[in-house]
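Asks: Here's the letter readout for the chains.
2 protein chains.
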Amino acid sequence: MCELLGMSANVPTDICFSFTGFLHRGGGTGPHRDGWGIAFYEEGGYRDFRDPHPSVDSPIARLICDYPIKSHVVISHIRQANVGQVRLANTHPFTREMWGRPWCYAHNGQLEGWESLPLAFYRPIGDTDSEHAFCFLMGELRRRFDAPPQSREVMWGALHELCERLRRLGVFNLLLSDGEYLYTYCSTKLAHITRRAPFGKASLSDAELSVNFVEHTTPNDIVSVIATEPLTDNEDWIRMAPGELLVWKDGEIQARFNATGNFAVTAGFNSTS
Amino acid sequence: MCELLGMSANVPTDICFSFTGFLHRGGGTGPHRDGWGIAFYEEGGYRDFRDPHPSVDSPIARLICDYPIKSHVVISHIRQANVGQVRLANTHPFTREMWGRPWCYAHNGQLEGWESLPLAFYRPIGDTDSEHAFCFLMGELRRRFDAPPQSREVMWGALHELCERLRRLGVFNLLLSDGEYLYTYCSTKLAHITRRAPFGKASLSDAELSVNFVEHTTPNDIVSVIATEPLTDNEDWIRMAPGELLVWKDGEIQARFNATGNFAVTAGFNSTS
Numbered sequence: 001m002c003e004l005l006g007m008s009a010n011v012p013t014d015i016c017f018s019f020t021g022f023l024h025r026g027g028g029t030g031p032h033r034d035g036w037g038i039a040f041y042e043e044g045g046y047r048d049f050r051d052p053h054p055s056v057d058s059p060i061a062r063l064i065c066d067y068p069i070k071s072h073v074v075i076s077h078i079r080q081a082n083v084g085q086v087r088l089a090n091t092h093p094f095t096r097e098m099w100g101r102p103w104c105y106a107h108n109g110q111l112e113g114w115e116s117l118p119l120a121f122y123r124p125i126g127d128t129d130s131e132h133a134f135c136f137l138m139g140e141l142r143r144r145f146d147a148p149p150q151s152r153e154v155m156w157g158a159l160h161e162l163c164e165r166l167r168r169l170g171v172f173n174l175l176l177s178d179g180e181y182l183y184t185y186c187s188t189k190l191a192h193i194t195r196r197a198p199f200g201k202a203s204l205s206d207a208e209l210s211v212n213f214v215e216h217t218t219p220n221d222i223v224s225v226i227a228t229e230p231l232t233d234n235e236d237w238i239r240m241a242p243g244e245l246l247v248w249k250d251g252e253i254q255a256r257f258n259a260t261g262n263f264a265v266t267a268g269f270n271s272t273s
Numbered sequence: 001m002c003e004l005l006g007m008s009a010n011v012p013t014d015i016c017f018s019f020t021g022f023l024h025r026g027g028g029t030g031p032h033r034d035g036w037g038i039a040f041y042e043e044g045g046y047r048d049f050r051d052p053h054p055s056v057d058s059p060i061a062r063l064i065c066d067y068p069i070k071s072h073v074v075i076s077h078i079r080q081a082n083v084g085q086v087r088l089a090n091t092h093p094f095t096r097e098m099w100g101r102p103w104c105y106a107h108n109g110q111l112e113g114w115e116s117l118p119l120a121f122y123r124p125i126g127d128t129d130s131e132h133a134f135c136f137l138m139g140e141l142r143r144r145f146d147a148p149p150q151s152r153e154v155m156w157g158a159l160h161e162l163c164e165r166l167r168r169l170g171v172f173n174l175l176l177s178d179g180e181y182l183y184t185y186c187s188t189k190l191a192h193i194t195r196r197a198p199f200g201k202a203s204l205s206d207a208e209l210s211v212n213f214v215e216h217t218t219p220n221d222i223v224s225v226i227a228t229e230p231l232t233d234n235e236d237w238i239r240m241a242p243g244e245l246l247v248w249k250d251g252e253i254q255a256r257f258n259a260t261g262n263f264a265v266t267a268g269f270n271s272t273s
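Here the protein sequences line up with chains D and A, keeping their order. The opening residue of the first sequence carries number 1 in UniProt numbering; numbering runs sequentially from there. The opening residue of the second sequence carries number 1 in UniProt numbering; numbering runs sequentially from there.
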């Protein structure tokens, strides 16, 4: 199995602290030695750094820890290969352009019968179940909506329905973003924490590192971190329920779908903005 | 204007030497301070590193110089902005998936009336003439060929025709690749050199650095470098003619189209392989 890390924030924020703990699982405290990647959205642009080597040994991973890239949305992944060889083409996150936006995707889990998921518009470059499922997901959304739909809830409902379909094929924990929204879908394991004023201290579970967020934030900052397993040992992380889709923007949950298809919009969210 | 750098090789080869000279033009010996990027194809996979800051000051660029990534095909670009702000979304190279392959593109020049180039399948993420032209190019190829055509010459002919159309809108020097072939199209300025046994020494024009290729190669290596301006001052670079398209594979020219549409295939090339 792989591990996922995501971030949504209302101000450009670096992920150095969380990523430092996370990458220790890439061949250090964890067994995920088969590559890693991290994607950043910055001012409407997108870039990712991917390496098919263990993150603990990677000079590129060290650069990411030392060179704070400030972003509203981050998606990261460390891999323990099950389907597909250890090579760059199979290294998450994957990306495709849809509706003039760079969509980014990372998956934790394993699917059965994924080869028969129908594809439209997008084709996999590598040979993993994960990338095939991504191409299926994007192709289905694009087939249903040839432009970004006026009503976001309709698109989110379609996304939740597609995620539920993929969950029926096995384990499908997902991070997905178009740079504005971060979508997190839980099949078996995802946890999240939202940090806001008054900020406190946090210490990593996987490395000897603490941070006092008061020293790195302003009172209006809201930063949420989502990960397969909680990354800190002194904070209360919330575990998502199987079948739950959360829609994040600016560090806060904008909408929530549960396994029965129930939908809730958080107060103050303008559904047509 | 921007500057372009490309490489095609028959063995995985690092581009550290050429890139070291090239990046000095990014705010050092040259005026191209508005970002840079470099893309590598490795074992069917693709990754790029892009930064909207000057390459001479970039810790990511230093990493690329110090961390030899070995590749068959490389495309790099340093930018002096004309159309579109200095930001990540406008930083070359650009990439899109077509036919299950990651296509990569970098452009030097400026186009008139590019806004009316028709788009199909692909939409720009940023707001440059370059990315719009890329989306036009890819969309036109995909519209004509819904799968990789049996006859490569037919696709190359279509690509040359589209490049000629873009050249009529202004200046359009191009590097394009699908990871197997490297396409170089000259509108005003591109030069190339092919290095093979017996290898000699080379010294950079833009930085105090020399290399003795004998120490870094085997007798069967063939490595070609293509750049806006020659990067070394002691070798004979060949300048391309306006309207010329070269198709590179494994470090050698496989086919050549000139401005009048004449087409030549090099001896030994198997046109249907």
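Any given hint might turn out to be false.
One copy or any two copies: either way a pair holds, since identical chains are not told apart in the list.
[Claimed, not checked] 25 Å max Cα-Cα, derived SDA-like pairs, lysine to any residue:
#1 Lys70 - Ser58
#2 Lys70 - Val86
#3 Lys201 - Gly243
#4 Lys201 - Asn212
#5 Lys201 - Asp221
#6 Lys70 - Pro59
#7 Lys189 - Gly45
#8 Lys70 - Ala81
#9 Lys201 - Ser116
#10 Lys249 - Arg87
#11 Lys189 - Arg256
#12 Lys70 - Gly84
#13 Lys249 - Arg123
#14 Lys201 - Gly45
#15 Lys70 - Gln85
#16 Lys249 - Arg195
#17 Lys70 - Arg87
#18 Lys189 - Asp146
#19 Lys70 - Asp57
#20 Lys249 - Val11
#21 Lys249 - Asp127
#22 Lys201 - Gln80
#23 Lys201 - Pro242
To be clear, the hints were calculated from the coordinates, so they are not data collected in a lab. Quick caveat, the model's predicted, so the values are computed rather than measured.
Asks: Determine for every hint whether it applies to the structure shown.
Replies: Hints, verified against the model:
1. Lys70 - Ser58: Cα proximity of Lys70 and Ser58: in one copy and across copies (21 Å, 15 Å).
2. Lys70 - Val86: For Lys70 and Val86, only the inter-copy Cα distance (16 Å) is at most 25 Å; the intra-copy one is 29 Å.
3. Lys201 - Gly243: Intra 32 Å, inter 62 Å, cutoff 25 Å: neither.
4. Lys201 - Asn212: Within one copy only: 4 Å inside, 54 Å across.
5. Lys201 - Asp221: So Lys201 and Asp221 pass the 25 Å test inside one copy only (15 Å; across, 55 Å).
6. Lys70 - Pro59: both (20 Å within a copy, 15 Å between copies)
7. Lys189 - Gly45: neither (29 Å within a copy, 29 Å between copies)
8. Lys70 - Ala81: Result: close only across copies, 23 Å inter versus 29 Å intra.
9. Lys201 - Ser116: neither (48 Å within a copy, 54 Å between copies)
10. Lys249 - Arg87: between (32 Å within a copy, 22 Å between copies)
11. Lys189 - Arg256: Within. Shortest intra-copy distance 16 Å satisfies the 25 Å Cα cut-off; inter-copy 54 Å does not.
12. Lys70 - Gly84: between (32 Å within a copy, 22 Å between copies)
13. Lys249 - Arg123: between (29 Å within a copy, 24 Å between copies)
14. Lys201 - Gly45: The answer is neither: 31 Å in one copy and 40 Å across copies each exceed 25 Å.
15. Lys70 - Gln85: Cα proximity of Lys70 and Gln85: across copies only (19 Å, versus 32 Å in one copy).
16. Lys249 - Arg195: Classified as within: same-chain Cα gap 14 Å, cross-chain 52 Å, threshold 25 Å.
17. Lys70 - Arg87: This pair counts as between: shortest inter-copy Cα distance 13 Å, intra-copy 28 Å.
18. Lys189 - Asp146: Cα proximity of Lys189 and Asp146: none, with 32 Å in one copy and 39 Å across.
19. Lys70 - Asp57: both (23 Å within a copy, 18 Å between copies)
20. Lys249 - Val11: Classified as within: same-chain Cα gap 11 Å, cross-chain 45 Å, threshold 25 Å.
21. Lys249 - Asp127: Between copies, since 24 Å is at most 25 Å while 32 Å is not.
22. Lys201 - Gln80: Neither: 31 Å inside a chain and 43 Å across chains, both beyond 25 Å.
23. Lys201 - Pro242: Neither. Shortest intra-copy (30 Å) and inter-copy (62 Å) distances fail the 25 Å Cα cut-off.
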